[in-house]
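If you read the protein sequences in the order shown, they are chains X and S. Quick note: the first sequence, position 36, residue 114 per the working numbering, numbers continuous. Quick note: the second sequence, position 25, residue 37 per the working numbering, numbers continuous.
One or more of the hints may lead you astray.
[Unchecked claim] With a cut-off of at most 30 Å between alpha-carbon atoms, the simulated DSSO-like pairs for lysine-lysine come out as follows:
(1) K126/X x K101/S
(2) K88/X x K59/S
(3) K180/X x K101/S
(4) K224/S x K88/X
(5) K110/X x K134/S
(6) K114/X x K134/S
(7) K137/S x K114/X
(8) K102/S x K88/X
(9) K241/X x K208/X
(10) K110/X x K137/S
(11) K88/X x K110/X
(12) K126/X x K59/S
(13) K43/S x K114/X
(14) K149/X x K136/X
(15) K114/X x K224/S
(16) K208/X x K194/X
(17) K110/X x K59/S
(18) K134/S x K136/X
(19) K126/X x K102/S
(20) K43/S x K110/X
(21) K126/X x K108/S
[Said to hold, decoys possible] Coverage of chain X stretches by chain S, computed from C-beta distances (three or more under 8 Å per stretch; other residues unrestricted):
(22) 90–98
(23) 107–121
Don't read these hints as lab results, they were simulated from the structure. Backbone N, C-alpha and C fix where the C-beta goes; we use that ideal spot for every residue, glycine too.
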Amino acid sequence: MQVIQEGLLKVDPGLLLWTIITFIVLVLLLWKTAWKPIVEALDARAEKIRGDIDNAEKARQEAEKLFGQHKEMMDRAKDEAAQIISKGKEEAEKVKNEIIEKANVSGKEITERAKKEIEIAKEKALTDLKNEIVSLSTDIASKIVKKNLNSSDQKGLVEEALKNMRTVQ
Amino acid sequence: MYGIVVGHLTDHPIAPVAVLPGDNIVIRQLKGINNFIAIDLNERILKNYQINISGLPNSDLRITRWVLMLWVSVLMSALIFIPLGRMIKKDRYGSKSRWVNMWESLIGFVHDEIVEPNFDHKYIKTAMPYFSSVFFFILFCNLMGLVPGASTATGNLAVTGGLAIFTLLGMFAVGFVKQGPLWIVTGIVPHGIPVFLFPMLWAIELVGLLIKPFALTVRLFANMTAGHIVIIIFLYLIMMFESYFVGIASVAGSLMIFLLELLVAFIQAYIFAVLSAMFIGSSMHAH
């Protein structure tokens with residue numbers, strides 16, 4: 079116990095007592111005036127920051143959800159647009175085909191009609207010709223009868239008539 | 013040389029100094045305060061309060077250099093933290109002042125590293141004032157000791173012992189209040205041991221409980237004293253060798269130790285506070 083009586087390792091009871099008194103005074107002095115407001119303020123700030131972080135997280139999740147919805151909507155719109163375009167193409171194709179078919183049909187009709195008309199015209203021409211021939215023949219016959227021609231003349235006349243007929247034909 | 017080193021590192025009551033006619037006003041005021049303490053307080057009043065404890069040296073309540081340094085630390089704490097409390101309360105969501113933010117980060121350090129790991133959430137608010145006081149009081153004492161002309165109050169067994177007594181009392185008080193009066197018998201011994209081992213383990217744990225604050229006392233004292241001894245001896249080498257070359261090396265060496273001491277001042281304040289928190293926190297629950 080000699081070592082704590084003097085020198086470096088001396089434990090002075092007076093100093094010990096003063097240390098205890100000083101420290102108690104320090105704690106009591108700073109407890110209400112300094113530490114309490116500081117700790118309260120820091121706690122309040124920590125609480126606020128925690129709340130802010132929570133809110134930010136919530137807002138982020140909300141934004142992500144909205145973004146997902148938006149993306150889905152965009153995708154749907156794109157699909158719809160593609161569908162509309164393909165349907166339009168299909169319809170256009172159909173209309174084109176219909177038009178071509180109609181044109182073909184009407185072209186055929188026109189040629190048919192033209193052929194028929196030509197046929198009719200030809201028939202008419204033939205009937206006309208026949209009538210002409212008949213009238214010509216009657217004319218010739220009447221002329222022959224009128225003139226009483228000789229056989230050579232008659233022959234000449236028939237030939238002439240035949241020639242006429244040939245040219246008409 | 014032993015006398016010089018020990019003279020720097022040991023305590024003396026404040027003694028009167030003569031006021032010289034050439035002193036300027038500041039020196040005269042300081043000497044006036046010194047003489048007020050030395051003559052009016054020490055010699056007239058405090059010398060009469062004798063403390064005689066067997067085993068310890070006889071003493072009285074005279075104010076010594078070390079007591080004065082303790083008071084300087086208290087004054088610094090009060091001057092820094094009382095206005096700081098008001099400033100932090102005013103700017104609830106963070107001050108722009110660097111001064112406020114510096115202290116705030118240190119208080120945050122005490123909160124996050126010392127109190128929070130060792131106490132339940134609901135007791136943090138109650139524990140913070142005590143451990144902040146311990147940390148900053150020891151820190152200021154340590155740092156004041158590095159100012160030339162001042163002395164390290166924490167480099168004394170009586171001071172560190174006085175602080176460790178609070179840790180011991182805290183351990184006992186928290187144990188008794190939180191776990192009931194039987195804590196001292198059942199609370200400190202681990203559960204699930206055979207009954208016949210109980211008395212032996214109880215004795216070991218009880219001694220361990222008392223050794224913890226003793227270790228705190230010696231650790232802080234030894235760390236703060238050792239650095240000062242090295243600094244003084246480095247500088248004393250100049251007087252021993254009376255050589256400029258030794259002077260260069262000595263000053264460089266003592267400067268290095270001085271910077272190391274700056275680090276040690278923080279580390280030891282942290283260690284004292286964190287171990288106190290650990291000891292007191294561990295008597296919250298049975299283990």
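Against the structure, the hints:
1. K126/X x K101/S: Holds, at roughly 14 Å.
2. K88/X x K59/S: 19 Å, holds
3. K180/X x K101/S: Given that 30 Å is the threshold and the Cα spacing comes to 92 Å, the pair is violated.
4. K224/S x K88/X: The hint holds at about 20 Å.
5. K110/X x K134/S: Holds, at roughly 18 Å.
6. K114/X x K134/S: 15 Å, holds
7. K137/S x K114/X: 8 Å, holds
8. K102/S x K88/X: 47 Å, violated
9. K241/X x K208/X: 15 Å, holds
10. K110/X x K137/S: 12 Å, holds
11. K88/X x K110/X: Answer violated: K88/X to K110/X is near 35 Å, above 30 Å.
12. K126/X x K59/S: Violated, at about 55 Å.
13. K43/S x K114/X: Status violated; Cα separation ~37 Å.
14. K149/X x K136/X: 20 Å, holds
15. K114/X x K224/S: 29 Å, holds
16. K208/X x K194/X: 21 Å, holds
17. K110/X x K59/S: 34 Å, violated
18. K134/S x K136/X: Distance ~28 Å between K134/S and K136/X Cα, so the pair holds.
19. K126/X x K102/S: 16 Å, holds
20. K43/S x K110/X: 34 Å, violated
21. K126/X x K108/S: Given that 30 Å is the threshold and the Cα spacing comes to 18 Å, the pair holds.
22. 90–98: holds (count 9)
23. 107–121: holds (count 14)
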